Structure formats: structure tokens, C-alpha cells
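Visitor: Given next are the chains, with one letter for each unit.
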Amino acid sequence: MSTAKYIIIGIILLAVVGGYLLWQNPSVVQAPKEETEVLGTGEEAMSESDFKITYTNGGFSPREMTVPAGETVTFVNESSREMWPASAQHPTHTVYPGSDIKKCGTDEASAIFDACSPVSTGAVYTFVFQEVGEWFYHDHLNPSAFGKIIVQ
Amino acid sequence: MSSRLTAARLLRAGLAFTFLYASWSSFTDPASWIGFFPRFLFTLGIPDQVLLAGFSLYEVVLGLWLLVGRQTAFAALLAAATLAGIVVLNWGALPITFRDAGLFFAALALFQLTKKQR
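Protein chains in written order, with my numbering: chain A, 4 to 155; chain B, 13 to 130.
For the record, the hints were derived by calculation from the structure and aren't laboratory data. You may find that some hints are simply not true.
[Said to hold, decoys possible] With a cut-off of at most 20 Å between alpha-carbon atoms, the simulated DMTMM-like pairs for lysine to aspartate or glutamate come out as follows: (1) A:Lys106 with B:Asp60; (2) A:Lys151 with A:Glu81; (3) A:Lys106 with A:Glu134; (4) A:Lys151 with B:Asp41; (5) A:Lys105 with A:Asp53; (6) A:Lys151 with A:Glu134.
[As the list claims (entries may be wrong)] Looking from chain B toward chain A, a few residues come up when the C-beta cut is under 8 Å (computed): (7) Ser14; (8) Asp41; (9) Ala43; (10) Ile46; (11) Ala105.
Just so it is clear, the structure is predicted and the values come from calculations on it, not from any experiment. All C-beta atoms in this analysis are idealised placements derived from N, C-alpha and C, irrespective of residue type, glycine included.
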């Protein structure tokens, strides 16, 4: 078989299988208006926010969310496995300003967009977005699951 | 030294480095690699550590095989299949695995250079 045929077959195989998988994936949900939950006071109110992203076995939902600068976004793990939300890019997490997986375990860990450790099923991770911009994030334990926060 | 031989050696070195580095990194930073395994494997109850260790061992063997240079065409085909599997099974992570797509074609090129001519 000629080299050209190998290359063409390889490209076709990648495109067909990849296209099929892409077609099966849920589409990006555009910036939703999250319903505001009426919460209690004290710790419960502080642990939740108006901007909630749910993580299931299908990934993050919504995958794209717009928030004002200074708002808290809550990532809720409703999947059957642990999650680890963090700034792009896998595995260094350095895209969001100041973030870096190397800072996990240091005094700066709480200030970076990185859960820094697995978040169990039913638990949440919250982060306050101060930097204006479009910030991709992913699940460090499943990099195929990703989303975007638009901070205005 | 023929240019074909040089090209094959460079491809062997590059692909071997990739597999050996991935193997080493999955030992030192398992959390960054566990997510690349297909989801259905987790439903089989295989511990994450076993998955990582098993695949790391496979990568070491493949990397060393490429370095040794015996029956390289078979090693190249196996490398191509492995890389294609990584790309296809992690299609949602294409912004990360696009490099593996390039390496897939590099492995095919190595196969083409080293297969026995009919």
C-alpha cells in the first residue's frame, strides 16, 4: 500500500471516529441565568452561590457561564466519581492569572482557581472570580470534561 | 548513513521519549493521567493504581522496544494503535491530545520506513 493511502486512511479513521464521538457529546449550553435559591443564613448561605455549575458523569453543566467580577461560582459534584475543577490548561493550570498547580499545598492555594485536591461526590468547590476575561477550566481527574467562565 | 536510517532513528527516539516520559509522569503525578482512561474501565472495579501501573509498564516496554530497534515496524504499528486509541477515546480532550494525533502519524511514518519491502 502506498504512503499516501496510509495517510488518507489514517485521516479518515480519525475524522470518522472523532466526528461520531463529537456528535454524541452534549452541546455547549450558553450562558444561563441561574435560578437563585433561597438559602438560609450563616455557613449554608456562604457555601452556595447564585452561580452554580453541576458536575455529573456527563460533565459540567452549564459548560459556559457568564458572571460579574467578584462573584462566587460553586461547582457541585453530582457525579459518581471525585472531581477536581481547575483552570486550563491540563495539567499545569496556569491560564487563570496567578494559578498554578505547583501552588497547591502552599499558602497561596486558596487564592488560585484550582480545587487542589479531589472533591467527593456531593461536595462542592467554590471560587471567587476577580479577573475579567474568558477562563476555561476542566476536571483535572477527567480532562475531557471542561467548560468556560466568562467574567465581565 | 542513509537518510532513511537517520529518519527512522529520530522517529524511534522521539516516540520512545514520549512513551517513557508519560510512564514516568504517571507515577509521579497520577492525578494528571488517570482521567485519560476510558470511563467504562472505572465501572469494572479496577483500582486506579492498577490501571496506571499497568499502562505505565506497557509504555515502558513499548518505549524500550522502540529504542532497541528490533522488529521496529511492529513496535511502530503498536505505537500508532496506542496513540490512535488515546486520541479517539479522549476526543473531548482534543485541545490536549492533538499532539498525540501528530505522534500517531509519526508512528505510521516509522512503520513505513522500517517495514520489509516486498
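Visitor: Hint by hint, note whether the structure agrees.
Guide: We went through each hint and held it up to the structure:
{"no.": "1", "hint": "A:Lys106 with B:Asp60", "result": "violated (25 Å)"}
{"no.": "2", "hint": "A:Lys151 with A:Glu81", "result": "holds (19 Å)"}
{"no.": "3", "hint": "A:Lys106 with A:Glu134", "result": "holds (18 Å)"}
{"no.": "4", "hint": "A:Lys151 with B:Asp41", "result": "violated (25 Å)"}
{"no.": "5", "hint": "A:Lys105 with A:Asp53", "result": "violated (30 Å)"}
{"no.": "6", "hint": "A:Lys151 with A:Glu134", "result": "holds (14 Å)"}
{"no.": "7", "hint": "Ser14", "result": "violated (17 Å)"}
{"no.": "8", "hint": "Asp41", "result": "holds (7 Å)"}
{"no.": "9", "hint": "Ala43", "result": "holds (6 Å)"}
{"no.": "10", "hint": "Ile46", "result": "holds (6 Å)"}
{"no.": "11", "hint": "Ala105", "result": "holds (4 Å)"}
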